[in-house]
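*Asks:* The primary structure of each chain is shown beneath.
There are 2 protein chains.
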Amino acid sequence: MLYGYQGSMKTRPGHRDEVATILTSGADGLKAAGCHLYVVGLDATDDVTIWVTEAWDSKEAHDASLLLPETRAFIARAMPLLTGEFTSRETRIAGGLGV
Amino acid sequence: MLYGYQGSMKTRPGHRDEVATILTSGADGLKAAGCHLYVVGLDATDDVTIWVTEAWDSKEAHDASLLLPETRAFIARAMPLLTGEFTSRETRIAGGLGV
Chain A
1 MLYGYQGSMK TRPGHRDEVA TILTSGADGL KAAGCHLYVV GLDATDDVTI
51 WVTEAWDSKE AHDASLLLPE TRAFIARAMP LLTGEFTSRE TRIAGGLGV
Chain B
1 MLYGYQGSMK TRPGHRDEVA TILTSGADGL KAAGCHLYVV GLDATDDVTI
51 WVTEAWDSKE AHDASLLLPE TRAFIARAMP LLTGEFTSRE TRIAGGLGV
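Order-wise, the sequence lines are chains A and B.
Residue 61 in UniProt numbering sits at position 61 of the first sequence; the count goes up by one each step and never skips.
Residue 99 in UniProt numbering sits at position 99 of the second sequence; the count goes up by one each step and never skips.
Looking at chain A on its own, in the form it has when it is part of the complex (with noise of 0.2 angstroms):
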């Protein structure tokens, strides 16, 4: 089964949308490092959290790609924008459409 994992990130007031745009500008340079999905979504309720849903080949590969240099850029241009409030939770990956 994929690995699975779903963060939740909170931007400061006014700054969601560029958080947003730097999330998904590097999500097809993920698919090498053996991600499968990396869907970004904007919460519905406010106007500042974001919800990433990821699925890879394993959490291994998860965790490598975070010390990758072009993660780390991407990081490091979103990290100021972000208040700092974090969830996030692991799954197995069962199926469904598009996975």
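Quick caveat, the hints were computed from the structure, so don't treat them as lab data.
Careful, some of the hints might be misleading.
Claimed, not checked - Simulated restraints, written as ranges between beta carbons of each label pair:
1) A:M79 x B:D17: 36 to 42 angstroms
2) B:G84 x A:D28: 29 to 35 angstroms
3) A:F86 x B:P13: 39 to 45 angstroms
4) A:K31 x B:E60: 29 to 35 angstroms
5) B:A33 x A:D46: 24 to 30 angstroms
6) B:T87 x A:D57: 24 to 30 angstroms
7) B:K59 x A:R77: 28 to 34 angstroms
8) A:S8 x B:F86: 15 to 21 angstroms
9) A:P13 x B:P69: 28 to 34 angstroms
10) B:P80 x A:P13: 26 to 32 angstroms
The structure displayed is predicted, hence computed values, not measured ones.
We treat Cβ as the ideally placed atom computed from N, Cα and C, and that holds for glycine.
Knowing the structure of chain A, use the given hints to seat chain B on it.
*Replies:* Okay, now just chain B, sitting in the frame of chain A:
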């Protein structure tokens, strides 16, 4: 932007794999109803929680899908295996990989 829906459900002990099979077996059929993504994830920290992440053409397409005979049949099969504890969240999909 696509409409995003994230939901969770809890199954009765020992029935999570069965519910996951019901959910994933119906996923391909959702494509014609405007579904782009339907990911069934098994919570890594327990044996009863399922997290579903969905992307649809619109909220209307999602809501209408719940009334389809096929969907109602899947719900009827799964319901007796669930505890009745659900969560849900709506998003707008900004993009990413695989969506």
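*Asks:* P80 (chain B) and P13 (chain A), beta-carbon distance inside 26 to 32 angstroms?
*Replies:* Violated - the Cβ-Cβ distance for P80 (chain B) and P13 (chain A), about 45 angstroms, lies outside 26 to 32 angstroms.
*Asks:* Please test the hint of 24 to 30 angstroms on the beta carbon pair from A33 (chain B) and D46 (chain A).
*Replies:* Roughly 28 angstroms apart at Cβ, these two residues keep to the hinted range, so it holds.
*Asks:* Could you see if the CB distance from F86 (chain A) to P13 (chain B) stays within 39 to 45 angstroms?
*Replies:* violated, 31 angstroms
*Asks:* I want to verify a distance hint. Is the separation of the beta carbons of T87 (chain B) and D57 (chain A) within 24 to 30 angstroms?
*Replies:* holds, 28 angstroms
*Asks:* Assuming the hint says 29 to 35 angstroms, is it satisfied by the Cβ distance from G84 (chain B) to D28 (chain A) or not?
*Replies:* violated, 40 angstroms
*Asks:* Kindly confirm whether 29 to 35 angstroms is satisfied by the beta carbon distance between K31 (chain A) and E60 (chain B).
*Replies:* holds, 32 angstroms
*Asks:* How does the Cβ-Cβ distance of S8 (chain A) and F86 (chain B) compare with 15 to 21 angstroms: does it lie in that range?
*Replies:* holds, 19 angstroms
*Asks:* Does the Cβ distance between P13 (chain A) and P69 (chain B) fall inside 28 to 34 angstroms?
*Replies:* violated, 45 angstroms
*Asks:* In this structure, is the beta-carbon distance linking M79 (chain A) and D17 (chain B) contained in 36 to 42 angstroms?
*Replies:* holds, 39 angstroms
*Asks:* The hint says 28 to 34 angstroms between K59 (chain B) and R77 (chain A); measuring C-beta to C-beta, is that right?
*Replies:* holds, 31 angstroms
In terms of the numbered hints stated before, the structure departs from hints 2, 3, 9 and 10, listed from lowest to highest.
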